[in-house]
Amino acid sequence: MNHKTTIKTTIFCALLLNLLVLSTPQLISGNIASATVGQAVFWPNNFQDGTDADGELELTHDTCMYIMYLLIGRGQYGCYYSPNSTITSYCNILSALNNYYEDNVVFSKGHRGYPYWNATPPNWNHLSLIDHDGNNVKDHSHIYSRTSSENNVTFIWHCETAEKYQTNTTPQDGYGYYGMPYCWTHNSGLVCYGGSGTQVFLGWVNDSPQFLDEAEGMYNYAHVAYYFWYYMCNGDSVEDALDNVSYTIFGDETYLESPLRDWLVVWGNKNLELP
Amino acid sequence: MKKLLTKIYVTLSIVLFVTSLGAFPVTYAANPDAETQAMAFIENVLPVDLSKYNVTLDHHSVDEGPPIAGITGQPINRVRDNLRYILDSEESTLHVSFSVQNNVVMYCHVTEKNGSVISDKKYISLLDAVTTLLEKYQNYTKRDSTNLIAMLDAVDVTQNVTTTVGNTKLTISQINVYGIEQTSFDWAYTENGADYTSLQITYRNGNLYALGDDRGVYTIGDTSINVSKEQAIDIAMNYIPNYSYKMPNDVTVSGFNITEDRTTAALFASPIDSTELRPYWSVQLYLNHTYPGSVKGLTLYIWAKSGEVFYCGTRATGGAEYDDSSDGEPMTSPEVDSSLSTSNPLSPDMLFVIGITVVAIGLATASVVILKKRKK
Numbered sequence: 114m115n116h117k118t119t120i121k122t123t124i125f126c127a128l129l130l131n132l133l134v135l136s137t138p139q140l141i142s143g144n145i146a147s148a149t150v151g152q153a154v155f156w157p158n159n160f161q162d163g164t165d166a167d168g169e170l171e172l173t174h175d176t177c178m179y180i181m182y183l184l185i186g187r188g189q190y191g192c193y194y195s196p197n198s199t200i201t202s203y204c205n206i207l208s209a210l211n212n213y214y215e216d217n218v219v220f221s222k223g224h225r226g227y228p229y230w231n232a233t234p235p236n237w238n239h240l241s242l243i244d245h246d247g248n249n250v251k252d253h254s255h256i257y258s259r260t261s262s263e264n265n266v267t268f269i270w271h272c273e274t275a276e277k278y279q280t281n282t283t284p285q286d287g288y289g290y291y292g293m294p295y296c297w298t299h300n301s302g303l304v305c306y307g308g309s310g311t312q313v314f315l316g317w318v319n320d321s322p323q324f325l326d327e328a329e330g331m332y333n334y335a336h337v338a339y340y341f342w343y344y345m346c347n348g349d350s351v352e353d354a355l356d357n358v359s360y361t362i363f364g365d366e367t368y369l370e371s372p373l374r375d376w377l378v379v380w381g382n383k384n385l386e387l388p
Numbered sequence: 004m005k006k007l008l009t010k011i012y013v014t015l016s017i018v019l020f021v022t023s024l025g026a027f028p029v030t031y032a033a034n035p036d037a038e039t040q041a042m043a044f045i046e047n048v049l050p051v052d053l054s055k056y057n058v059t060l061d062h063h064s065v066d067e068g069p070p071i072a073g074i075t076g077q078p079i080n081r082v083r084d085n086l087r088y089i090l091d092s093e094e095s096t097l098h099v100s101f102s103v104q105n106n107v108v109m110y111c112h113v114t115e116k117n118g119s120v121i122s123d124k125k126y127i128s129l130l131d132a133v134t135t136l137l138e139k140y141q142n143y144t145k146r147d148s149t150n151l152i153a154m155l156d157a158v159d160v161t162q163n164v165t166t167t168v169g170n171t172k173l174t175i176s177q178i179n180v181y182g183i184e185q186t187s188f189d190w191a192y193t194e195n196g197a198d199y200t201s202l203q204i205t206y207r208n209g210n211l212y213a214l215g216d217d218r219g220v221y222t223i224g225d226t227s228i229n230v231s232k233e234q235a236i237d238i239a240m241n242y243i244p245n246y247s248y249k250m251p252n253d254v255t256v257s258g259f260n261i262t263e264d265r266t267t268a269a270l271f272a273s274p275i276d277s278t279e280l281r282p283y284w285s286v287q288l289y290l291n292h293t294y295p296g297s298v299k300g301l302t303l304y305i306w307a308k309s310g311e312v313f314y315c316g317t318r319a320t321g322g323a324e325y326d327d328s329s330d331g332e333p334m335t336s337p338e339v340d341s342s343l344s345t346s347n348p349l350s351p352d353m354l355f356v357i358g359i360t361v362v363a364i365g366l367a368t369a370s371v372v373i374l375k376k377r378k379k
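Here the protein sequences line up with chains A and B, keeping their order. Positions 114 to 388 (the numbering used here) are the ones given, in order, by the first sequence. Positions 4 to 379 (the numbering used here) are the ones given, in order, by the second sequence.
Note that these hints are calculated values from the structure, not bench results. We treat Cβ as the ideally placed atom computed from N, Cα and C, and that holds for glycine. Check the hints yourself; a few may be wrong.
[Stated by the list, open to error] Some but not every residue of chain A turned toward chain B, in silico, with C-beta under 10 angstroms: (1) Thr164; (2) Leu170; (3) Asp349.
[As the list claims (entries may be wrong)] A short list of chain A residues far from chain B (calculated; beta carbon distances all over 12 angstroms): (4) Glu215; (5) Asp216; (6) Ser261; (7) Gln279; (8) Thr282; (9) Pro284; (10) Asp286; (11) Gly287; (12) Gly302; (13) Gly310; (14) Thr311.
With the rest of the complex left out, here is chain B (with noise of 0.2 angstroms):
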């Protein structure tokens, strides 16, 4: 009977301790070192008056990937610190984030709370800031950036700019919409039509908003392209007639009819199951009609070395559709009467945990009881 007992205070214990895991946020050692970059970044490249403010570290959690698959089924996997510092004076209230990950800073995110930033010095134009915070920057990572600098001395700063010198690719862009004036500056490692590894800087209302940097994250892999776009397309259309979809039911979607004229190809080099970037083509085929699932298209990821499809996926939508030329009835049920019942909804699934938790309660009086007698 002890032994019995025993076992069931073990279940109950396991059952009841993984359900109130919920009650608590879950959290994975931060990495100090990532603290450590963060206030680096701060002290040495933050065009603020540190001397202003009192700088606190506000939130620090790690982010170790999404729990939810990437498109080819396998799990993102990485270690991504995010930190929050508040940056508090009398005149403004800074919030600066930083993503972390192995080790570097990969973004950084100034957001002005209250008030106007306190600059470190007074800069005499958008050229003066964006340079200087690349010869500091370039000093804190240790990264040689003289061609970057470089680039910007044959550029209109105000303008949109697209230049590209040896292999790599300055892009300005102004931004002005809802009273907001951006400036972001990308230079990007471009080769053969697809950009790879950036460094990103965005300013607003004149100031630095943004700066983003997966240089140290990621690597460049085999960079051949022996694919065309037109090759690309050629084998989205050939892969299309044996690719299926399933519908709840078991009933399998198959046969799509191509509007072949909208179809267009893009090159990509994002990480794709790795850190290591290689550049694929990006299909999209736009089908003759809705198919069911409300899919209106198909996208097909082909590696640009090989020509192999590795990804093949539907574009859906999330609007029921109407035909308003037509006497039939709306896609959409007969309206039911609204009116609501007074008791509280539960769903399957509320009812399924609910019916544990009352299990659960059942077993643990009944052992008391059993106790209790055998006491007696």
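Excised from the complex, chain A in its bound form (with noise of 0.2 angstroms):
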């Protein structure tokens, strides 16, 4: 080999190297050890039979896949991405971002049960996240014991999330915490639509929708979702995404003129943008 293909040899190589550096980290979604922000994006959507028609599971597949690429977009974090999430993968995910990660961000999509419905007395108060096995991810247990006061942004895209919480009460019965609000953030101080505090959670009142449901013209709810975090993603506050979501979806100005108002709710400081 002469030396002109050597130095090729070498260019190549150098290439390759450089474009591995470039892409692991990206294909395998982060976990950088020296991020201060940790970001995750859960969808344990195909639980069981029959609970999600294939189009629902098709495009919450695409939305979820474009939300991490919008947090990986902003290119300094990683993002977690844990599709068909299991009660594992979220204790594992959540205790990653509690020990390593100063701020933490997280979206997840899918369905929300009663882990002890069926007990006597049957309880109500409890929520859980059902995961892709079909088994409770517990507010109190899985998710209270895994998260912290660091949980700076999260959005929890299943049944009835913003319920279950009062302002200046901690939601306690005898099975532990309740509500996802407060095991989601470990703060009893967050005022709905609120201006102050470093915490912000955003869930459903009621029954969330289902990403194919439509929401106004040629939008539907994965529009919703993939906005909100278009906004985030672009610097915009909580409440500027969303008034931006309104207009963009609903062609409402704001978003307490629009359709999302009093039912997908924010519990905490609307000003915050990510971290």
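Take each chain as given, in its own frame, and dock them per the hints.
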């Protein structure tokens, strides 16, 4: 091999190594030790036959991928991506976020369960996120014990996740703390559509819409989720992002005029931007 | 051998280049005209004392439409520049955001980040503020707004109002929640009960909060309405027996029972696969029980002119259902031991991409070794 070929080979190898360095963290969706912001996207949709239609599964897959790309696209941090999330993946990822990162951003899309509906007596305080295998990711145990006040921006797109919370009351019963807003944030002082603090939690009152559900015109609720994160990742506050979503999707200038008000509820500081 | 190695390098380079794209945010060329339009809006419309503020462009990105197709399966094609300016003074900081489409400011949003807005003048009332704004906006857009201003004279802007003059419907909404006092003005072009393009202006706690105007973005198409509300519902009911949707494992769901007395229909003119607005009926049907896929209802869109159904889809929810009167098993499976494995969770997707990386590294290493051997 002559000198020219050696140089070419060296350049090729250097190029490949460069690309490997750039691509590998993206491929494995982050977990970069030096990052101070942890991000995670969960979608435990396919938990049992009959729960989600084909189109919903496909759309959820695509939308959550795009949301992950938006979060990664911020350029500084990786993002845990957990399709078909199980209890184990929720617990492992939440533990990693809690242990290794200073600020956390979480999005989860799926179904809500009542883990103690069949207990004696039945308990309707506690909620769970139904995982891919149909098990309950419980508010007080799996979630509360692996989250903290460092969960800054949390959006749980499952039914009733904004419920079971009252400002200045710590929701607790014999099983432990209950309700998604408290268990994700460890904060009993979140004000509805508030303007201060370091945390914000978004969830739904009553039924959450599936991504396939039409919103208005050409848009469905997958677009609502996508554009919320699109605007957040472009530097909007929660309030600005929701206003932008309202105008883009529903043609209403503000969230307060849109169908989302009182349904997609904001607990905590609406002025927060992504950390 | 050299050819083989070249092929390997090229293939690897392409694979790795493509996968490395995620390392950088994808950005498109920003339209400098959008910045010109936004700045002109700030200078000529925004009711703030610009002599007190430093204005800097903080962000400019281009939204080429969502990567998710619209409900009809067609892509939502449009190019919208999103800009954010920071107006900074000793007394206050404002974020002024814009969406610019077709070189027209479609949406402007003012957020007070610190302090209070330094207004360009003292307005004696909300009516004074909005009238003055409309006059300035008219000069900026060169679009005659005298009829919109005149409509304000006939109403009490502190009340909830809906009034129509000719084809212009003015709706004033008062919202007082979460400590926010908001008044919204909406002038919509209306015809035969359908609202088309509109100018919206929102004041919050006395200051301009948002201005949205899609009149320069959308055109109004054929506004004929040949199908009544009742006919639209009939069309929907007749369509349903032939509608089905798929579940996993190739199971098809059809044969829906509708709770007819809950059916609703409303007229819309949102853009569908086009920037031309045409009226359509949105018919909401409620099912008599939850169908597979957590489906509780169906929605149909029907062109109001032709009666053609151009969309039928499901409405479903994200909550597992429980029958607390039953002694049976819950819908969820029995609990599993929640103790954790110590290894990191690796999804099939993640394993796939890690696999590609490992293969790539292997091939690269093998290539270098072969080259070295040949050298010897």
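Hints versus structure:
| no. | hint | verdict |
| --- | --- | --- |
| 1 | Thr164 | 6 angstroms, holds |
| 2 | Leu170 | 7 angstroms, holds |
| 3 | Asp349 | 7 angstroms, holds |
| 4 | Glu215 | 20 angstroms, holds |
| 5 | Asp216 | 20 angstroms, holds |
| 6 | Ser261 | 17 angstroms, holds |
| 7 | Gln279 | 15 angstroms, holds |
| 8 | Thr282 | 19 angstroms, holds |
| 9 | Pro284 | 19 angstroms, holds |
| 10 | Asp286 | 18 angstroms, holds |
| 11 | Gly287 | 18 angstroms, holds |
| 12 | Gly302 | 15 angstroms, holds |
| 13 | Gly310 | 14 angstroms, holds |
| 14 | Thr311 | 16 angstroms, holds |
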